[in-house]
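Order-wise, the sequence lines are chains V and H.
At position 15 of the first sequence (counting the first as 1) the number is 15 in our numbering, and the numbers step up by one without a gap.
At position 93 of the second sequence (counting the first as 1) the number is 284 in our numbering, and the numbers step up by one without a gap.
Think of the hints as simulated: they come from the structure by calculation, not from any bench.
Cβ atoms here follow ideal geometry from the backbone N, Cα and C, with glycine treated the same way.
Be aware that one or more of the hints could be misleading.
What follows is a set of in silico ranges between Cβ atoms, one per label pair, in the way DEER data are often shown [stated by the list, open to error]: (1) V/A191 / H/A279: 20 to 30 Å; (2) V/A33 / H/G268: 48 to 58 Å; (3) V/P118 / H/A224: 35 to 45 Å; (4) H/D267 / V/P118: 20 to 30 Å; (5) H/E327 / V/A188: 22 to 32 Å; (6) H/V286 / V/L190: 23 to 33 Å; (7) H/K219 / V/A188: 26 to 36 Å; (8) V/G26 / H/M254: 29 to 39 Å; (9) H/G230 / V/A188: 26 to 36 Å; (10) H/Y255 / V/P118: 27 to 37 Å.
2 protein chains.
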Amino acid sequence: MATDTRDRILAATAELFRRHGYTGTGLKQIVAAANAPFGSIYHHFPGGKEQLGVEVVRSSGAMYWELFPLIMDAADGDLVAGIELFFAGAGATLVESDYADACPIGTVALEVASTNEPLREATADVFASWVDGAAERFVAEGMPADRARPTAIAVIAALEGAFMLSRAAKSTEPMDAAGAVAAAAVRAALA
Amino acid sequence: MATDTRDRILAATAELFRRHGYTGTGLKQIVAAANAPFGSIYHHFPGGKEQLGVEVVRSSGAMYWELFPLIMDAADGDLVAGIELFFAGAGATLVESDYADACPIGTVALEVASTNEPLREATADVFASWVDGAAERFVAEGMPADRARPTAIAVIAALEGAFMLSRAAKSTEPMDAAGAVAAAAVRAALA
Numbered sequence: 001m002a003t004d005t006r007d008r009i010l011a012a013t014a015e016l017f018r019r020h021g022y023t024g025t026g027l028k029q030i031v032a033a034a035n036a037p038f039g040s041i042y043h044h045f046p047g048g049k050e051q052l053g054v055e056v057v058r059s060s061g062a063m064y065w066e067l068f069p070l071i072m073d074a075a076d077g078d079l080v081a082g083i084e085l086f087f088a089g090a091g092a093t094l095v096e097s098d099y100a101d102a103c104p105i106g107t108v109a110l111e112v113a114s115t116n117e118p119l120r121e122a123t124a125d126v127f128a129s130w131v132d133g134a135a136e137r138f139v140a141e142g143m144p145a146d147r148a149r150p151t152a153i154a155v156i157a158a159l160e161g162a163f164m165l166s167r168a169a170k171s172t173e174p175m176d177a178a179g180a181v182a183a184a185a186v187r188a189a190l191a
Numbered sequence: 192m193a194t195d196t197r198d199r200i201l202a203a204t205a206e207l208f209r210r211h212g213y214t215g216t217g218l219k220q221i222v223a224a225a226n227a228p229f230g231s232i233y234h235h236f237p238g239g240k241e242q243l244g245v246e247v248v249r250s251s252g253a254m255y256w257e258l259f260p261l262i263m264d265a266a267d268g269d270l271v272a273g274i275e276l277f278f279a280g281a282g283a284t285l286v287e288s289d290y291a292d293a294c295p296i297g298t299v300a301l302e303v304a305s306t307n308e309p310l311r312e313a314t315a316d317v318f319a320s321w322v323d324g325a326a327e328r329f330v331a332e333g334m335p336a337d338r339a340r341p342t343a344i345a346v347i348a349a350l351e352g353a354f355m356l357s358r359a360a361k362s363t364e365p366m367d368a369a370g371a372v373a374a375a376a377v378r379a380a381l382a
């Protein structure tokens with residue numbers, strides 16, 4: 001039961017961060033959305049909003065990453081097709097959610113980069129884990145090791161920038177354009 | 192004198208948005224940073240923080256854009272070299288500012304995308320003006336018109352995503368990796 005409350009708080013906070021960011025999300029909103037008593041936040045997260053924020057960044061970052069190998073598996077060893085599928089899926093999720101559901105940590109990453117070291121480090125660790133995971137997969141599928149890391153970084157940067165431009169414009173055109181360039185970068189790195 | 196105050200408020204707000212975002216910037220902080228009386232915000236911006244935010248997004252977006260033709264001129268007609276210079280300059284500015292000075296509107300764009308329509312539209316208009324301006328320049332330097340727009344979008348998305356990853360990691364590695372892929376995309380679109 002206690003664990004349920006903790007999980008509900010984490011899930012509700014992750015959803016609020018996606019739409020309102022870290023600064024724009026208040027503890028009162030969190031307990032209302034989690035259907036939890038106010039005191040439960042400090043019971044489960046003695047460090048308050050900052051500790052909760054760090055845990056949400058790490059857990060939602062890890063969950064989002066799970067999509068990557070799943071989609072790559074669906075492309076059955078074709079890395080370029082896998083990247084195209086990933087960006088197409090991101091675009092479809094944007095449309096379905098009226099351009100609200102994007103990267104779970106991108107907004108927080110920009111908000112805290114110059115103002116909150118524990119949170120900045122959490123976002124940096126999540127991005128680093130994505131880069132390592134993607135680069136490892138690229139190498140496993142035949143990309144030379146020295147090209148895998150910069151290519152993985154560029155693909156993730158393209159995705160994050162495309163989320164920003166697509167959400168602003170309420171259009172998948174940026175996601176499509178960034179996906180094409182990301183796929184071309186993967187193709188070139190494999191050659 | 193009145194105009195000076197207005198300009199000081201706009202400049203101070205732009206600087207605060209860069210580091211703290213829209214939600215994290217308060218009117219008290221703005222008047223303190225602008226050395227202006229509190230009432231002057233409502234005198235110059237009767238719509239309060241939202242109107243001020245819209246004007247700051249539009250003015251700082253227009254100012255940031257001025258860098259693009261300047262840097263392209265410096266590359267003297269070599270679009271690929273121009274893109275490389277632009278990303279290298281963005282990386283150098285990040286280092287000089289301890290990873291605080293990045294895109295003036297990126298953080299705000301993600302914060303407001305699902306929560307504030309007038310501000311979302313302002314960020315969308317700024318990104319659209321950058322895309323149009325870059326695409327026009329690409330065509331003027333010999334890129335086929337049908338490739339210029341998606342290439343411009345992908346370059347700007349790469350820049351925004353690289354700002355996010357570089358600020359999080361406090362490293363220019365993402366800016367370098369994204370710049371290389373953006374330059375390759377421009378080279379491919381010219382071929």
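Hint check results:
1. V/A191 / H/A279: 20 to 30 Å: holds (25 Å)
2. V/A33 / H/G268: 48 to 58 Å: Given range 48 to 58 Å: holds, Cβ gap about 55 Å.
3. V/P118 / H/A224: 35 to 45 Å: At 25 Å between Cβs, range violated.
4. H/D267 / V/P118: 20 to 30 Å: violated (46 Å)
5. H/E327 / V/A188: 22 to 32 Å: Cβ of H/E327 to Cβ of V/A188: about 27 Å, so the range 22 to 32 Å holds.
6. H/V286 / V/L190: 23 to 33 Å: holds (32 Å)
7. H/K219 / V/A188: 26 to 36 Å: Violated: the Cβ-Cβ distance is about 51 Å, outside 26 to 36 Å.
8. V/G26 / H/M254: 29 to 39 Å: holds (33 Å)
9. H/G230 / V/A188: 26 to 36 Å: violated (58 Å)
10. H/Y255 / V/P118: 27 to 37 Å: Cβ of H/Y255 to Cβ of V/P118: about 30 Å, so the range 27 to 37 Å holds.
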